[in-house]
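Assemble the whole structure, with the sequences as input and the hints as a guide.
Protein chains in written order, with our numbering: chain D, 3 to 260; chain L, 364 to 578.
Simulated from the structure, these hints should not be mistaken for lab results.
Wrong hints could be hidden among the right ones.
[Said to hold, decoys possible] Have a look at the derived ranges for each label pair, beta carbon to beta carbon: (1) F150/D <-> N386/L: 46 to 56 Å; (2) R369/L <-> R169/D: 46 to 56 Å; (3) T376/L <-> G88/D: 16 to 26 Å; (4) G85/D <-> R382/L: 27 to 37 Å; (5) R548/L <-> G88/D: 40 to 50 Å; (6) G85/D <-> D573/L: 45 to 55 Å; (7) Q232/D <-> N386/L: 47 to 57 Å.
All figures in this text were calculated on a predicted structure; none of them were measured in a lab.
Note that the Cβ used here is the ideal one computed from N, Cα and C, for glycine as well.
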Amino acid sequence: MLLRGIRVQCRVVGALILRELYARYGRDNLGFLWLMGEPLMFTIGVIIMWRILAGPYRQNLPIVPITMLGYIPLLLYRHMVNGAMGVIRTNSSLLFHHNVTILDLYIARVLTETAGNVLAFLTTYAMLYEIGVVHLPASLGLVYLGYFYNAWWCAAVTSIVMPLSERSELVEKFWQPLSYMQLPICGAYLMAQWVPGQWRQLYLLWPSVHGYEMIRSGYFGATVQQFYSQFYIAFWCAVLTLLGLSLLRDSKRYISFE
Amino acid sequence: MIKVDRVTKDYLTEHGYHRALQNISFALGRGEKLAILGLNGAGKSTLIRILSGIELPTEGSVSRTMSLSWPLALGGGLHPKLTGNDNIRFIARVYNKPYDDIRAFVDDFAELGKFLFEPLRTYSSGMRARLAFALSLSIEFDCYLVDEIIAVGDQRFHRRSTEELFVKRSDRALVLASHDQHAVRSYCSRALVLHRGRGKLFEDVELALDIYKDL
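See the structure below:
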């Protein structure tokens, strides 16, 4: 019974992912490549900008790897979370099919965004490695682990924002400024070792910092100080995911159908 | 069997709660055909969505022991940005049916021609109705929930849907929300008249139509 349920869910999620790709990128042969093309273009643009603007300061700062390792995981957050607002409403016609649940919409969204982002990360990495501005990571496992925790963090926040945005338009209005305000402290650009001692503990309270720190520690290895705690970010992700799943289950009551 | 037990539905509007349905109860067995009559806004579509399980009642319950189609209405169930063919693929995957079979049936029934490869938003309402109807017929449900969609089609669509739904699948149950008196009279054996959220069930369809005309 449970096994059958899981099989149905996998099939439905697969159908939703394909549908999403067709709807977003059309059926042209390579349309789906945009899934990684978008983040790729963005990252390269930012790196070029930063190289020009940073000018004289960039000698002793490995700006390219730091941008790549911070910016692309951050893109996942932006795409997954911001794009999740109103997703249930706009896809409500799919809920007409009793096999399709709000949880399926959520899972499909998390998987699609993560897959596209990981592809973008790997492609960008390969390209930047080819031109010799980044090296191979000191610990590949730690980079993967950090990426996993970052994706889980994004998925956990999505599981809360996605159902809440159906309850009130205020959520959407407040989310954007809040989202921008957390940018400096999210961990994408600021390495914990740059933060002065007494502030560092405060900085490390924000869970997503630990994911970025893991990715950077994995890349730079022993040349940087390590401050992350796997347990800490896992704890917060688990708490938010549990809360989010119950909100998702509850959100059916808040949607109005056409 | 579908059993609707004291279903009430409230919606939160700008002006507080609006009671769309109040204390509706009835049962529908295999092969039974029920019409839902009522003015615009009487709660017909809401009731059909609650029957299908898309929306939950505020109070009361619905139990189902047969498979129900999704509500066949003008909106809903299909994706306007996708082509007809991609919608067919999606439905085939979701209901785990072979794409080729469904495609063959839809090709024959809906007669969309080259529009099959155009996005749904370019379709006329008649074309959408034909596609939605063909898809649900090809999945084979025990009970079809039809929300006004038959009235949209032309003569040919009427003739063919009658053939498919009432001749070839006469053993299936049907819930038909419609203003089309002819359809109600010829297909349904009972009628539920909805008025301002309240419902009354009639075994005599003629009587129900008379009352509906006087609303």
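Hint by hint, which ones does this structure get wrong, listed from lowest number up? 2
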